[in-house]
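Let the sequences and hints guide you as you build the complete structure.
Chains as they are written, first to last, in our numbering: chain A, 1 to 151; chain B, 1 to 493; chain C, 1 to 123; chain D, 1 to 488.
One or more hints might be untrue.
[Stated by the list, open to error] Label pairs and their calculated CB-CB ranges:
hint, chain 1, residue 1, chain 2, residue 2, range
1, D, 466, B, 274, 38 to 46 Å
2, D, 456, C, 116, 40 to 48 Å
3, C, 56, D, 282, 28 to 36 Å
4, D, 282, C, 116, 34 to 42 Å
5, C, 115, B, 28, 53 to 61 Å
6, D, 58, A, 106, 30 to 38 Å
7, D, 447, B, 274, 55 to 63 Å
8, C, 118, B, 274, 54 to 62 Å
9, D, 456, B, 292, 57 to 65 Å
10, A, 69, D, 58, 45 to 53 Å
11, B, 292, C, 115, 56 to 64 Å
[To be verified] Once the Cα atoms are required to be at most 20 Å apart in a straight line, the calculated EDC-like pairs of lysine to aspartate or glutamate come out as:
hint, chain 1, residue 1, chain 2, residue 2
12, D, 362, D, 157
13, D, 156, C, 113
14, D, 156, A, 70
15, D, 27, A, 68
16, D, 156, C, 110
17, D, 107, A, 142
18, C, 31, D, 157
19, D, 107, A, 70
20, C, 104, A, 142
21, C, 104, D, 56
22, D, 28, A, 70
Keep in mind the hints are simulated off the structure, nothing from the lab. Predicted model, so just to flag it, every value in this text is computed and none were measured. Note that CB positions come from ideal geometry on N, CA and C, so glycine has one too.
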Amino acid sequence: MGVSIMHDLILEIVNRLLLPFIQLFGMYILIHGHLSPGGGFSGGAVIGASLILYSLTFRFAKVKHRMDHDTSVFFEAAGALIYVAVGFVGLLFGFNFLTNRGVFPLGVPGQLWSGGMILVITLALGAKVSGTILSLFQELLEGGSDEHGTP
Amino acid sequence: MNLLLQSPVLAVVIPLLFFVVIYMVERRSWRLRNALAVLAPLASFVLLASNYTRVLAGETVLVEFPAILPPLGMSFSVDYLSLLVGLVVAGVWFLVAVYSTEYMVKEHAKNRYYPFFTLTLAGTLGVILSGDLFTLFLFFELMSLSAYVLVVHEETPEAMRAGYKYLVLTIIGGLALFFAIIAVFEIAGTVSFTAGGFVAEASGLAVLAFYGFLLGFGIKAGIVPLHVWLPEAHPVAPSPASALLSGIMLKTGVYGLIRVVFNVFGSEVVRAAGLDVIMLVLAAVTIFLGSAVAIAQDDIKRRLAYSSVGQMGYILLGIGLLQERALIGAIFHIFAHAIMKATLFLTAGAIIYKTGKRRVSEWCNLGRAMPLTMVCFTMAALSMIGIPPMVGFVSKWELALGSLDAGSWGFVLLLLLSSLMNFIYYFPVIQSTLFGSQHGKGESTATKPELPIAMLAPIVVMTLVIVFVDLFPQSGVLDLAKRAAAALFLVVK
Amino acid sequence: MELLERLYTNIYYLVAVVLFVIGFHTMLTHKNLLKKLMALNIMDTAIFLFFVAIGYRSGGQAPILLPGVEKFVNPVPSALILTGIVISVSFTAFALALVVLLYKHYGTLDSDEIIAIRGKKHV
Amino acid sequence: MFSVNHAPVLIVVMLLTAGFIVPLLGKKMALGRILFLSVGLVVVVLSLLTTFAVLESGTIVYAVGGWPAPHGIELVVDAFAAYSSLVISVISLIIYWFVVFAPREVKHEAGYYALILLLSAAMHGIVMTGDIFNLFVFVEISSLAAVAIIAVKGTKESIEASFRYLMLSALGSGGMLFGIALLFMITGQLSMEYMRVALSTTAGQYPLNLLTALGFMVIGFGIKSALFPLHIWLPDAHANAPTGSSALLSGLVVKVYIIAFMRIAYMTLGMDLFYILPLRQILLVLASLSILAGSVFAIVQDNIKRLLAFSTVAQVGYIFLGFSLLTERAVEGAIWHILIHAIMKTLLFLAVGVVIHQSGYKKISQIHGLARRMPFTFACITLGALSMVGIPGTAGFISKLYLALGALDAGQAIFAVLILASSLLSAIYYFPLIITAYFGHDALPNIKEPSLAVRLPLAVLSLAILFYGLMPSMLLPLVRQTALLITR
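Below, the structure is given as structure tokens:
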């Protein structure tokens with residue numbers, strides 16, 4: 001689309017340096033969601049923001065090549081579907097929907113692998129949130145008319 | 001399933017079914033359509049007549065469907081009153097249907113006319129044969145709304161205007177009835193007609209409900225301040241439809257009032273609350289104004305329509321007097337006026353059909369061109385005036401006696417005055433058509449036959465009824481009216 | 001004095017209400033659709049502040065029951081508001097998309113002008 | 001192994017999941033349509049199962065994730081929830097069918113289906129959840145989806161209308177959230193049942209907080225369900241939406257917010273508080289004003305869809321009136337009206353949409369004699385309009401009957417008269433539509449009836465109107481239980 005984006009060397013280089021750390025931080029928040037403040041939304045938002053930053057700095061077309069709109073929508077949907085799938089596991093074992101206790105091994109509190117499926121859910125949420133944020137951004141850039149902003 | 005096959009239910013359901021059947025077959029064959037439209041009222045008539053002996057034995061045929069529309073339920077019943085009125089309805093409808101088959105040939109949109117003709121029959125019979133207020137209301141609305149299609153049949157601008165007026169007033173009336181019915185239900189917990197009424201005392205809500213009934217039925221019957229739609233709507237309809245509107249459908253209003261006064265409130269409650277006075281005042285005004293305004297009309301159908309307003313006043317008078325004899329007069333007048341007014345409208349229709357002249361002042365010398373038709377018109381008109389051997393006389397006689405029973409001389413005078421006015425507006429018509437001067441020579445050559453047989457026969461049959469019913473007491477109409485009135489005054493508390 | 005003290009203890013609620021009123025006022029008085037949108041966001045923020053303040057204890061920590069943590073913040077309001085923020089974000093994004101479209105169709109962001117253009121078409 | 005207790009949560013989850021899958025199918029739209037319809041069908045079956053279970057063994061309480069009430073989120077499926085869910089699922093299945101088979105009005109078909117599915121999921125969630133914040137979340141999802149299904153039409157007017165709807169809706173959400181915050185402050189609970197227990201002891205201590213909370217709630221839900229002075233967004237929004245969306249919005253969405261409000265009222269406050277607070281009087285007044293204003297505004301409309309939209313404002317007033325009269329029969333009337341108005345308004349919007357699409361005419365003054373070209377569609381419109389007016393024998397009569405009886409039960413005949421007066425007004429605005437269509441000069445000959453698949457939903461809804469008009473006994477036990485729940 002006719003969005004002219006500045007071709008700025010400083011921005012590009014700083015970004016190149018920063019982006020891995022931002023994304024790493026996002027990952028950290030995601031993975032430690034059940035241990036410390038943070039979680040799916042916060043982590044996902046950080047990662048999503050990093051992707052937006054990336055799109056803003058570099059040419060939009062290039063970003064599109066790396067992660068186009070369909071991909072972001074896919075992440076968005078896949079996150080939600082994984083969440084639901086985890087919910088159904090509880091159901092399959094004869095418990096209520098989304099049951100965690102008793103279905104999955106809970107692990108030791110304070111360690112990374114604790115809280116049963118919470119980690120999976122957090123990751124799914126992260127994928128969903130980052131996908132959504134990026135897809136919203138792309139949607140606005142493309143100026144299409146089928147926006148749906150669902151949380 | 002057995003319930004459905006009971007004759008009062010069938011009498012209502014058959015026209016309903018015929019409505020659907022006619023709608024389906026009319027595109028294929030107009031003959032079948034006409035035949036079905038004639039057959040429907042005949043079937044209802046026969047079904048009703050089959051109850052004759054049971055009802056005369058003092059039995060009330062009652063069929064109930066409590067499952068439909070809780071908490072009110074539906075029910076149908078046949079007693080003296082509904083048998084009499086129902087037979088009149090189906091009978092006149094049958095004759096008018098026969099008449100229609102010929103009259104409507106010239107009209108457009110016949111495929112709309114016949115289904116709604118039959119649907120309106122279903123509604124009207126439903127009103128007459130209902131066993132409770134709610135069923136009555138249901139069919140009352142069905143009748144009113146389907147009659148709208150008959151009213152606006154011509155689709156002229158004035159027909160549309162009149163139809164809209166009719167529609168709005170009908171809705172208002174329906175809502176007033178609705179309010180009254182739920183108020184009665186709230187007070188008494190039932191809406192089934194009971195001998196002697198079931199509303200125990202005239203509380204505020206009950207009086208309000210009564211006004212609701214008066215408004216709802218009054219609009220339909222054309223009681224004077226509420227009659228505004230009537231003189232507009234009746235003339236614009238095709239003549240057979242006018243005959244039904246004026247002859248039959250007005251009667252559902254007064255029929256409803258009779259039921260309300262005697263079978264819902266009971267004459268005692270009505271008298272105690274002073275509601276009869278209101279009815280009497282309205283009746284007097286209606287009789288006087290209806291007759292007086294009719295004199296001024298030149299359009300024959302408008303004149304007949306206003307005449308109907310005045311005649312409804314008679315019936316309301318008969319109800320409002322709360323006297324058995326007056327009620328006999330009122331019930332008999334339902335029958336008498338139905339026949340008379342149908343005859344008048346059909347003959348007027350025949351003349352318009354033949355000559356295209358709607359104005360009375362143009363009707364010179366028609367007697368020569370259409371002798372039989374004009375004789376029938378004359379007979380019906382004389383009966384309206386109240387000349388002794390005919391049916392119109394009997395009802396006036398009973399009404400007058402009832403007024404005397406109630407000690408109200410004034411009403412006797414009013415009846416006489418109204419007869420005089422009837423004379424004033426009918427006689428010139430008779431005079432100019434039968435004995436008019438020889439101006440229009442070209443028209444005097446009688447064409448043979450003067451009318452198609454399908455149009456002439458119903459008129460003649462009804463005229464015969466008008467003239468001879470009273471001469472043969474064993475025909476049982478007056479007897480039925482007397483029994484009906486007696487049954488309504490029977491107080492079982 | 002007592003009044004001041006009460007104000008001080010309820011300072012978060014007070015600020016929330018003030019913010020809310022600011023947002024509301026801006027939304028009603030400004031014609032620019034973007035400003036209206038911002039005003040709505042301010043209002044949302046005010047409500048979030050209010051909600052979070054309900055569960056806040058000064059000096060409290062994250063409610064993760066590790067040894068040594070005694071005083072902690074009620075996590076429920078925060079968790080709820082996180083959801084609230086998500087909703088608010090998606091709402092804002094959606095509204096922005098609509099604003100873009102509106103600008104495309106009407107060529108202006110002034111609500112009065114938009115209504116005027118629409119009205120002209122209707123007459 | 002499959003317990004019927006899982007049905008409620010499955011309804012919501014299936015709809016949500018389908019909503020995410022449909023846009024993924026991309027080009028394979030046939031598959032998407034099949035999925036769309038079959039999910040709708042399965043949801044109907046599930047909500048039927050739920051309803052039978054509730055009727056048989058009482059309220060289903062389902063703790064999501066195995067965490068019971070004060071901590072976790074519970075679905076509380078009582079008679080009211082089961083009834084509402086049934087209404088939503090059935091009516092929306094009919095609309096799904098229409099949307100799939102009717103001519104396209106929307107560019108991005110898959111996205112549209114996804115939005116509709118999300119909206120349905122949110123509506124089911126709203127009526128079934130037992131947690132007040134969860135309710136808020138569902139309300140938000142439904143609001144956004146509702147705005148989106150208007151905006152997808154992509155015309156100038158629809159974008160403008162949807163933006164206004166979105167802003168006001170956000171304001172309403174803000175009000176709701178503030179109300180929830182205040183209630184949370186008083187009670188420290190989020191589960192509605194626990195809130196009620198807490199409120200029954202502490203309400204007296206915080207009268208101001210409670211009042212403020214309720215004030216915010218009334219404004220919030222008032223905006224969303226178009227209660228009189230807050231209805232300004234509705235006519236534009238409903239009139240400019242695609243046909244299926246109009247039907248969905250007018251028929252279901254507006255009512256779902258009323259249901260939500262009533263659930264908060266009776267589950268959270270309990271009826272004692274409802275009586276003590278001035279809430280009831282305020283609602284009575286606003287409902288009456290809605291009825292009158294909606295009807296009066298509808299009379300002057302020439303655009304058919306706007307007319308229908310204003311009529312919705314009036315009909316929403318009926319439902320609020322019934323609930324706030326609070327006699328058993330009035331509440332029954334309101335509950336009936338939720339279903340019956342959904343049927344009628346869906347029928348009318350779909351049929352009118354068909355007419356507009358086939359003929360291109362949007363105004364009453366343009367449709368002279370159109371009924372001769374489209375007899376079936378106009379027969380449906382006539383039936384719907386008669387039912388709206390409340391002619392006996394049609395479904396609309398039933399709800400009016402119960403409402404009017406309820407008003408008399410409450411000793412307030414004036415409201416019975418109001419209901420009747422509004423029937424008259426609706427006659428005044430619906431009959432010209434019918435009369436113009438049936439009479440008058442002939443329309444262009446090349447206007448045709450829609451395909452059979454499009455006519456099917458219209459026929460089903462018409463039959464439903466007649467069926468419930470004469471035989472309402474089928475749903476009566478459910479309605480009665482619901483009314484008892486609210487008026488206990």
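Hints versus structure:
no.	hint	result
1	D:466 - B:274: 38 to 46 Å	holds, 43 Å
2	D:456 - C:116: 40 to 48 Å	holds, 44 Å
3	C:56 - D:282: 28 to 36 Å	holds, 33 Å
4	D:282 - C:116: 34 to 42 Å	holds, 35 Å
5	C:115 - B:28: 53 to 61 Å	holds, 56 Å
6	D:58 - A:106: 30 to 38 Å	holds, 34 Å
7	D:447 - B:274: 55 to 63 Å	holds, 59 Å
8	C:118 - B:274: 54 to 62 Å	holds, 60 Å
9	D:456 - B:292: 57 to 65 Å	holds, 58 Å
10	A:69 - D:58: 45 to 53 Å	holds, 49 Å
11	B:292 - C:115: 56 to 64 Å	holds, 58 Å
12	D:362 - D:157	holds, 14 Å
13	D:156 - C:113	holds, 14 Å
14	D:156 - A:70	violated, 27 Å
15	D:27 - A:68	holds, 17 Å
16	D:156 - C:110	holds, 15 Å
17	D:107 - A:142	holds, 16 Å
18	C:31 - D:157	holds, 18 Å
19	D:107 - A:70	holds, 17 Å
20	C:104 - A:142	holds, 13 Å
21	C:104 - D:56	violated, 56 Å
22	D:28 - A:70	holds, 15 Å
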